[in-house]
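J.: Let's have the full structure, built from the sequences with the hints guiding it.
Number of protein chains: 2
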Amino acid sequence: MKSHLKLKIKTNGLIVLCLFSAFLFPAAGLAGSDPLPSWNGGAAKQRILGFVKNVTDKQSKSYVVPEERIATFDNDGTLWSEQPLYFQFAFALDRVKEMAPEHPEWNAQPPFKTVLEGDMKSVLAGGEKGIFEILTATHTGMTTAEFDQQVKTWIAVAKHPRFNKLYTDCIFVPMLELINYLKASGFKTWIVSGGSIGFMRPWTEDVYGIPPEQVVGSRFETKLEMKGQTPVLMRQPKLEFIDDKEGKPVGIHQHIGRRPIAAFGNSDGDLQMLQWAAAGGGDRLMLYVHHTDEIREWAYDRNSSIGRLDKGLDESAANGWVVVDMKKDWNRIYKFEP
Amino acid sequence: MKSHLKLKIKTNGLIVLCLFSAFLFPAAGLAGSDPLPSWNGGAAKQRILGFVKNVTDKQSKSYVVPEERIATFDNDGTLWSEQPLYFQFAFALDRVKEMAPEHPEWNAQPPFKTVLEGDMKSVLAGGEKGIFEILTATHTGMTTAEFDQQVKTWIAVAKHPRFNKLYTDCIFVPMLELINYLKASGFKTWIVSGGSIGFMRPWTEDVYGIPPEQVVGSRFETKLEMKGQTPVLMRQPKLEFIDDKEGKPVGIHQHIGRRPIAAFGNSDGDLQMLQWAAAGGGDRLMLYVHHTDEIREWAYDRNSSIGRLDKGLDESAANGWVVVDMKKDWNRIYKFEP
Numbered sequence: 002m003k004s005h006l007k008l009k010i011k012t013n014g015l016i017v018l019c020l021f022s023a024f025l026f027p028a029a030g031l032a033g034s035d036p037l038p039s040w041n042g043g044a045a046k047q048r049i050l051g052f053v054k055n056v057t058d059k060q061s062k063s064y065v066v067p068e069e070r071i072a073t074f075d076n077d078g079t080l081w082s083e084q085p086l087y088f089q090f091a092f093a094l095d096r097v098k099e100m101a102p103e104h105p106e107w108n109a110q111p112p113f114k115t116v117l118e119g120d121m122k123s124v125l126a127g128g129e130k131g132i133f134e135i136l137t138a139t140h141t142g143m144t145t146a147e148f149d150q151q152v153k154t155w156i157a158v159a160k161h162p163r164f165n166k167l168y169t170d171c172i173f174v175p176m177l178e179l180i181n182y183l184k185a186s187g188f189k190t191w192i193v194s195g196g197s198i199g200f201m202r203p204w205t206e207d208v209y210g211i212p213p214e215q216v217v218g219s220r221f222e223t224k225l226e227m228k229g230q231t232p233v234l235m236r237q238p239k240l241e242f243i244d245d246k247e248g249k250p251v252g253i254h255q256h257i258g259r260r261p262i263a264a265f266g267n268s269d270g271d272l273q274m275l276q277w278a279a280a281g282g283g284d285r286l287m288l289y290v291h292h293t294d295e296i297r298e299w300a301y302d303r304n305s306s307i308g309r310l311d312k313g314l315d316e317s318a319a320n321g322w323v324v325v326d327m328k329k330d331w332n333r334i335y336k337f338e339p
Numbered sequence: 002m003k004s005h006l007k008l009k010i011k012t013n014g015l016i017v018l019c020l021f022s023a024f025l026f027p028a029a030g031l032a033g034s035d036p037l038p039s040w041n042g043g044a045a046k047q048r049i050l051g052f053v054k055n056v057t058d059k060q061s062k063s064y065v066v067p068e069e070r071i072a073t074f075d076n077d078g079t080l081w082s083e084q085p086l087y088f089q090f091a092f093a094l095d096r097v098k099e100m101a102p103e104h105p106e107w108n109a110q111p112p113f114k115t116v117l118e119g120d121m122k123s124v125l126a127g128g129e130k131g132i133f134e135i136l137t138a139t140h141t142g143m144t145t146a147e148f149d150q151q152v153k154t155w156i157a158v159a160k161h162p163r164f165n166k167l168y169t170d171c172i173f174v175p176m177l178e179l180i181n182y183l184k185a186s187g188f189k190t191w192i193v194s195g196g197s198i199g200f201m202r203p204w205t206e207d208v209y210g211i212p213p214e215q216v217v218g219s220r221f222e223t224k225l226e227m228k229g230q231t232p233v234l235m236r237q238p239k240l241e242f243i244d245d246k247e248g249k250p251v252g253i254h255q256h257i258g259r260r261p262i263a264a265f266g267n268s269d270g271d272l273q274m275l276q277w278a279a280a281g282g283g284d285r286l287m288l289y290v291h292h293t294d295e296i297r298e299w300a301y302d303r304n305s306s307i308g309r310l311d312k313g314l315d316e317s318a319a320n321g322w323v324v325v326d327m328k329k330d331w332n333r334i335y336k337f338e339p
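These protein sequences, in sequence, are chains A and B.
With positions in the first sequence counted from 1, the corresponding number in our numbering is that position plus 1.
With positions in the second sequence counted from 1, the corresponding number in our numbering is that position plus 1.
In short, the hints are calculated from the structure, not lab data.
These numbers were taken from a predicted model, which means no experiment stands behind them.
Identical chains blur together in the list; that is why a pair holds if it fits in one copy or across any two.
In silico lysine-lysine, DSS-like type, Cα no more than 30 Å apart, as pairs:
| hint | residue 1 | residue 2 |
| --- | --- | --- |
| 1 | Lys224 | Lys246 |
| 2 | Lys228 | Lys246 |
| 3 | Lys189 | Lys153 |
| 4 | Lys312 | Lys228 |
| 5 | Lys224 | Lys239 |
| 6 | Lys98 | Lys224 |
| 7 | Lys59 | Lys184 |
| 8 | Lys59 | Lys189 |
| 9 | Lys312 | Lys224 |
| 10 | Lys184 | Lys328 |
| 11 | Lys153 | Lys62 |
| 12 | Lys239 | Lys130 |
| 13 | Lys153 | Lys59 |
| 14 | Lys224 | Lys130 |
| 15 | Lys189 | Lys228 |
| 16 | Lys328 | Lys246 |
| 17 | Lys62 | Lys228 |
| 18 | Lys54 | Lys189 |
| 19 | Lys122 | Lys153 |
| 20 | Lys153 | Lys166 |
| 21 | Lys312 | Lys246 |
T.: Laid out in structure tokens, this is it:
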């Protein structure tokens, strides 16, 4: 009996030791295996690995306590594609078509008329005003729970027109590896996106492992109302916060209240977020994803209307930030690649 | 050598086993020990223990996955005292006195004049307008980092006038036990307070173990500006969000994006938060702290100008929410009690 118990404790002890080590020393647990297999072994990958080693090594002068290991990721163009148009806008266009039977007036009323006629050129030519009208019509006027459900329903089935794959299959495998690597290294990972917080939260936990409370985005106002005896939050047709450019550090401060030590973006809309991260003391990682692969994904930068990366490239060069060349640095972009 | 190693593994195994159990089975780890020793064994304590058992027991029909175990706590009057006036306002008054030498005009200008003369009756009689002027003067016009530091400096030394103890010593021991018990049971604990988010965040992690990113509060607007080459967030004299009453579910939705399954308050300002938690499905815990102990703390409710609890008492009675009678339910309030 006694030796039996001893054996059991020994065996448990060993298993537990392994599990426990994996918990306490995640980076060490990865030793020997590559945490970033979709990244080719260039400078970008080395910079990431070096940074994580420095801030997690207690002996390093760059050591950062786990509570302060905040990493912020833009979403569109950084964690998933954003061409030929922002996926959230694809959702809005599909919603216009679904809602059209209840809105016969839309048949005569731009921009809804042009959406229903499939004339995307005119829709986009309508500029911000038209886009805002489409967003307001499709993103407000319902409860937060109803909107959640509309997003969930759409994201479960809608397909990207080029790849005929779910939009959530159009996320970047190397970036998901990076999120997981940072999480395993004690980081709290956040999305800080110009996109709508309400559009992202229903699926980011399943897709990226990032829970709704770690998502920062642009916001329509919500207001508490009573539906009979039940309180509901109604989405109002008023954009109360734009989480882009100068708004990103504001959104980070509102939601996190700490300065990120690592920030990841792909466009000039992320520049202030990277500058905000860079302005803290100590070792920092600022990284731009540069869309350079027109075969596997898209190639665009300084002159693109979507995801323009112009000042960001200059700032990266001037400050020695990491610029990921998707074509060269990533051996895989999407999980559906052969 | 071999037996040495064996012994080492065995010993490590046992230690690790204990540590690991404490991590994986925190509730079980507490079995036999009382997680709420400052709570007398009345109905309130039993309701809390029963609720936590139900939502954490996988066999229970009320089981809730850890990700959804969200608990929200009001701060003033719920986690610490709020008499004879909100501690944040005590900070503001002290700041007025500190800032006065740079503002000679204040000597002739109410409400600053009355503050500097120590005429608190007139300050409070000045109503919301005067209070807002004092808050604006002391809470805005500086960078977020400067304000953080001002709060940290004050909270480290300022003493409560009645007890001559640090304000952070005036937190309620039973509520700290409750926070720790919920955390150990897989809950994520949040502060959702009418107080300023900027005033709370600098110390909530040290005092309650609640990190800045889990604090929701009222907010002054912030704006990104450049100080030379350095981006800073300047606190603007515009209150952009009031996290009180109808604002609390809005703040919860903004920051958390999930509905709490447990909500704790002490005043009518928390009523909508408790209603919002209650309106979700499944087992829920709504709890009011009722200030009934004029000897050890204060006794006030329906007619108090600070922390009025009137509708909340009626709603609690109607809905069977827990009402904590501080005098009867808590055998200890502050840690400095003999």
